[in-house]
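Residue numbers (this note's numbering), protein chains in the order written: chain A, 1 to 443; chain B, 1 to 336.
FYI, nobody ran anything at the bench for these hints, they're computed from the structure.
Ideal Cβ placement from N, Cα and C applies to all residues, glycine included.
Treat the hints with care, as some may be off.
[What the hints assert, rightly or not] So the derived list for chain B, only partly shown, Cβ under 8 Å to chain A, looks like this:
#1 7
#2 8
#3 11
#4 15
#5 114
#6 118
#7 153
#8 182
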Amino acid sequence: MLKTFALGGIHPKENKLTAKIPCEYQPLPKEAVVMVSQHIGAPATVVVQKGDEVKTGQIVAKQGGFISSNIHSPVSGVVKKIEPVADAGGVKRNAITIEVTGDDWAEGIDRSENLIEEIKDDAKTIIQKISDAGIVGMGGATFPSHVKLMPPPGKTAKYLVINGVECEPYLTSDHRLMLEKGPEIVVGIEILMVALGVKQAFIGIENNKPDAIKAMKKLTSKKKGIKVIPLKVQYPQGGEKQLIKAILNKEVPSGALPIEVGAVVQNVGTAFAVYEAVQKNKPLIERVVTITGKHLSSPKNLWVRIGTPVSSLIEAAGGLPESTVKIISGGPMMGKAMSNLNAPVTKGTSGILVMAEPDTARKPASECIRCGKCVTVCPMGLQPYALMVYGIKQMYDKLEAGKVMDCIECGSCSYTCPANRELLDYIRLSKSRLGPFIRNRKS
Amino acid sequence: MMQFLKVSPSPHIHSGDSVKRNMYGVIIAMIPVFLMSLYTFGLGALVVMLTSVLACMFFEYLIVRFLLKQQPSLSDGSAIITGMLLAFNIPTNLPVWIILIGSLFAIGVAKLSYGGLGRNLFNPALAGRVFMLISFPVQMTSWPLPLVNRGLYIDATTGATPLAIIKEGLKNGQDYAELLEKVPSYFDMLFGFTAGSAGEMSAVAILLGLAYMLWRKIITWHIPLTIIMTIFMLTGLLKFAGAPAADPILYILSGGALLGAVFMATDYVTSPMTARGMIVYALGIGVLTVVIRIYGAYPEGISFAILIMNAFTPLINTYIKPPMFGKPVKVKAVTK
Chain A
1 MLKTFALGGI HPKENKLTAK IPCEYQPLPK EAVVMVSQHI GAPATVVVQK
51 GDEVKTGQIV AKQGGFISSN IHSPVSGVVK KIEPVADAGG VKRNAITIEV
101 TGDDWAEGID RSENLIEEIK DDAKTIIQKI SDAGIVGMGG ATFPSHVKLM
151 PPPGKTAKYL VINGVECEPY LTSDHRLMLE KGPEIVVGIE ILMVALGVKQ
201 AFIGIENNKP DAIKAMKKLT SKKKGIKVIP LKVQYPQGGE KQLIKAILNK
251 EVPSGALPIE VGAVVQNVGT AFAVYEAVQK NKPLIERVVT ITGKHLSSPK
301 NLWVRIGTPV SSLIEAAGGL PESTVKIISG GPMMGKAMSN LNAPVTKGTS
351 GILVMAEPDT ARKPASECIR CGKCVTVCPM GLQPYALMVY GIKQMYDKLE
401 AGKVMDCIEC GSCSYTCPAN RELLDYIRLS KSRLGPFIRN RKS
Chain B
1 MMQFLKVSPS PHIHSGDSVK RNMYGVIIAM IPVFLMSLYT FGLGALVVML
51 TSVLACMFFE YLIVRFLLKQ QPSLSDGSAI ITGMLLAFNI PTNLPVWIIL
101 IGSLFAIGVA KLSYGGLGRN LFNPALAGRV FMLISFPVQM TSWPLPLVNR
151 GLYIDATTGA TPLAIIKEGL KNGQDYAELL EKVPSYFDML FGFTAGSAGE
201 MSAVAILLGL AYMLWRKIIT WHIPLTIIMT IFMLTGLLKF AGAPAADPIL
251 YILSGGALLG AVFMATDYVT SPMTARGMIV YALGIGVLTV VIRIYGAYPE
301 GISFAILIMN AFTPLINTYI KPPMFGKPVK VKAVTK
């Protein structure tokens, strides 16, 4: 029996079109747009000025608080402007626009392909290097990684859980990374283990990636303390709490962080970035992005510099098909629909999904038939149908008692509902209304 | 390039499941039962089924269109299900005018007066059946004999159901072994060759429908299995303790136990929404059915049992919650 999480879950069609396509390098853009807020937390503070020359890998914005992240220039060139630019959702946010002149790297960055296995640094230096390199969670949540590596006082980490699940349909960036950069990821995991002072690491990989499971098992067979755990395919297994439940059989308490049960979860992409930062001194300026969709002529996996416009990735995949109705940054379950294709790739862009009707059509909602399917699939054990009604009626006491804030917004309820009800839309709205009150009360 | 892109919140894909798919799934699951009723009762079963389904659809259209002044949604299939279930629950010699009244009550009172599909408190077909049973007790309890009445409708020869024979006999102090000889064999009951309502009788056909609905994931095992196990174990226990009861297998195979457990109690709208709630609800149905059958005035009790537990469904939904992920962290009280 393969391991998986216990409560709820769904199995949407996987559609991993690009699983067998090796990563290619996307050419440098003419103009790189570097958003100053690509992570959860405070925006970074810009440290360059208009007209400055910058080199690839040079810091352009420093972290603006404890929960924040450094940002580096992904190209070499001249700072053209520092002003708000429309992001993927069309909202204008502060960004540094760099006119690209070439790819002249800053000093001290090791760009060779040699694998450096020996870890010389101690925990403190490693965390400092990770923080300096601007590494954030690469799975899409973009939480600054150094914060996760510093457990709050009184809490100690016992296990490192590496997330190679990639449960979102269509996306294959983590899958390809495990196949192509396996040795580096394993060193990255060892570095993370040193940083946390843990002796046990588990790599969770869903069973629909047998090649990645085999490769990672082979690489870790001689490594003490690192174990690959094949998992039954079930969405949303890539959620932190679900992954911990599947691998460690521990439930992170409601409202708490994984460290409460002694676990720290990092994505395989993050492990790779950690390797590059610590062993090669290379900041996070590029990542693998899956460009996919059933109607694209050549969907592919690309190594992309941060700041490259999404439109150029779509061109690289064969151009935008006529039938396109929706373009999603991320996967189809949790990704965000884009309204602006000139928006740049950020640290959290794991994929660009081009969709046509009827794959993404929203059908009109009808009356709830009380079938209870939303309750059955909810991985957090909530009652989505009730939360939706409470949300419409603005019954905040009931929403809080119904643990609306526990919702991980995986979308399983809306995906399943036979009446096409907008369950998650209303739950999200309630969360955004209720959240500030609950946080204020706590502080 | 000037294309308009849709922007909406996630998720961007859907399972493709729909109300229609579930409703028509139930209708498909009921087809074996209908075929068996045709084989056993012939013409009567056909007349009753046609009248009931057409009447339910007609009343639904009429009331929604002209009384509620909304767009009728007959195509969702729920009126057809109500009609079919109603037909399964009545004797095949029931006059058309009674069926019409029953259909009107089921659709007009039990379903649409609450606000239509998704809002009704009671299973419409069962409410219709019980309304007819109380209003027309004589017509509703004269059951055509199986296999011999295929060409007949109103004037079919009738007889008592196995449950009625047993109940009456035990009340009069007859010996159970003697009574058993008067009722059909278990084999006949399995295929439904006994006197009774149109669709109640054939266990094989009903179980076929159950298997189909489980396979298509239209329903889960919780409600049917719990009801049947409860009836089986409780009647076994009572029989062992010396109550005036028949043996457990007879209680499962005869009467409406299977039809109720598989098609009536599992109605989405009127049953609880969590697995735990479903089990509580099904336990209640099982216990009430047995109590009514053995100690009540009626030989059959599952319709009443389901309706009573329907009334408890909102309460069950409020108080029996699914197991939540992660128990909340204990917040230390702030002391001044």
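Taking the hints in turn, this is what the structure says about them:
| no. | hint | verdict |
| --- | --- | --- |
| 1 | 7 | holds (4 Å) |
| 2 | 8 | holds (6 Å) |
| 3 | 11 | holds (3 Å) |
| 4 | 15 | holds (5 Å) |
| 5 | 114 | violated (11 Å) |
| 6 | 118 | holds (4 Å) |
| 7 | 153 | violated (35 Å) |
| 8 | 182 | violated (43 Å) |
When the structure is compared with the earlier hints, violations turn up for hints 5, 7, 8 and for no others.
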